[in-house]
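Participant: Letter 141 of the sequence shown, counting from 1, is numbered 141 in full-length UniProt numbering, and no numbers are missing.
Hints are supplied without guarantee of correctness; some may be wrong.
Here are the computed lysine to any residue pairs in the SDA-like style, where the Cα-Cα straight-line distance is at most 25 Å [claimed, not checked]:
{"#": "1", "residue 1": "Lys18", "residue 2": "Ser47"}
{"#": "2", "residue 1": "Lys13", "residue 2": "Val43"}
{"#": "3", "residue 1": "Lys18", "residue 2": "Tyr129"}
{"#": "4", "residue 1": "Lys140", "residue 2": "Arg188"}
{"#": "5", "residue 1": "Lys13", "residue 2": "Arg199"}
{"#": "6", "residue 1": "Lys18", "residue 2": "Arg130"}
{"#": "7", "residue 1": "Lys37", "residue 2": "Arg56"}
{"#": "8", "residue 1": "Lys140", "residue 2": "Glu126"}
{"#": "9", "residue 1": "Lys37", "residue 2": "Ser60"}
{"#": "10", "residue 1": "Lys140", "residue 2": "Ala222"}
To be clear, the hints were calculated from the coordinates, so they are not data collected in a lab.
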Amino acid sequence: MNQDAKPSRIANKALLAKLCDSLRDDILSGRYPVASKLPSEAVLIESFGMSRHIVRDAISALRAEGLVQSRQGAGVFVADRSGPARPEVAGNADPTSVLELFEFRVAVETEAAALAAVRRSPAQEEEIYRRHSRFGEMLKSGRHEPGADLALHTAIAIAANNRRFFDFISGSGSPIISETDTTDDALRHLTDVHEEHGRIVAAISASDPVAAREQMRQHLVASLSRYRLLQQRA
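Make the full structure from the sequences, and use the hints.
Facilitator: Spelled out as structure tokens, the structure:
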């Protein structure tokens, strides 16, 4: 077996993640607004010094995330990501509404995790790891960035490679605990969330759909229990 094969694959994954991050940031920051055309494949190859294979994989990953769309013979364009506003789950949300949402999330997100375990691309797996690691880094600093929990769930939905999962989770997957809450209880709960996320990520990385489904189910059930505890203390 070629001893250089594995390092080469690792290097390619790193390059792919770097290109995805750069293009994603440009899209989300508005540098490339909705309906604008991305640079051509040839321009991206020259600008980033990467192979055609990596550039195409990056575009495929962004397409799976719903950020871009290809038009035959015209190029790649930034997709319109507008949609219904997310319901506010943390804070003063109606408890009955939260319970209904979480019952539905268990049904949907467990299957998304299972599919991600068997369908994810290298770039999508890298993105799941990146978002999970960022969550942990912020917890170590004693704070939590709004959207970090949802970001990981969204990355898993994207890795299922079925746009319907992404549409649901990005539109309804709001966090149970307010992510701007820095009380000891909230941070302790978020530490539990991070550990649960780690088990989901490990199952996906191991290509184990049964474990991924079960770990996601356990995580969502635990999240609902945490919500109920917070309601009792309110």
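Participant: All hints are to be evaluated individually against the structure, with a verdict given for each.
Facilitator: Structure-based check of each hint:
1. Of the pairs offered as hints, the one joining Lys18 and Ser47 holds, with about 13 Å between alpha carbons and a cut-off of 25 Å not exceeded.
2. Taking the CA atoms of Lys13 and Val43, the gap is near 20 Å; set against the 25 Å cutoff, the hint holds.
3. Our distance criterion of 25 Å between C-alpha atoms is met by Lys18 and Tyr129, whose separation comes to about 13 Å.
4. This hinted pair checks out: Lys140 and Arg188 have alpha carbons roughly 11 Å apart, not beyond 25 Å.
5. Using a Cα cut-off of 25 Å, the hinted pair Lys13 and Arg199 holds, with the two alpha carbons roughly 22 Å apart.
6. Between the alpha carbons of Lys18 and Arg130 the distance comes to roughly 11 Å, so the proposed pair stays at or under 25 Å and holds.
7. Straight-line distance between C-alpha atoms of Lys37 and Arg56 comes to about 15 Å, which keeps the hinted pair within the 25 Å bound.
8. Under the criterion of a C-alpha separation no larger than 25 Å, the hint pairing Lys140 with Glu126 is consistent with the structure, at around 21 Å.
9. As the CA atoms of Lys37 and Ser60 are separated by approximately 15 Å, the hinted pair is consistent with the 25 Å bound.
10. Under the criterion of a C-alpha separation no larger than 25 Å, the hint pairing Lys140 with Ala222 is consistent with the structure, at around 22 Å.
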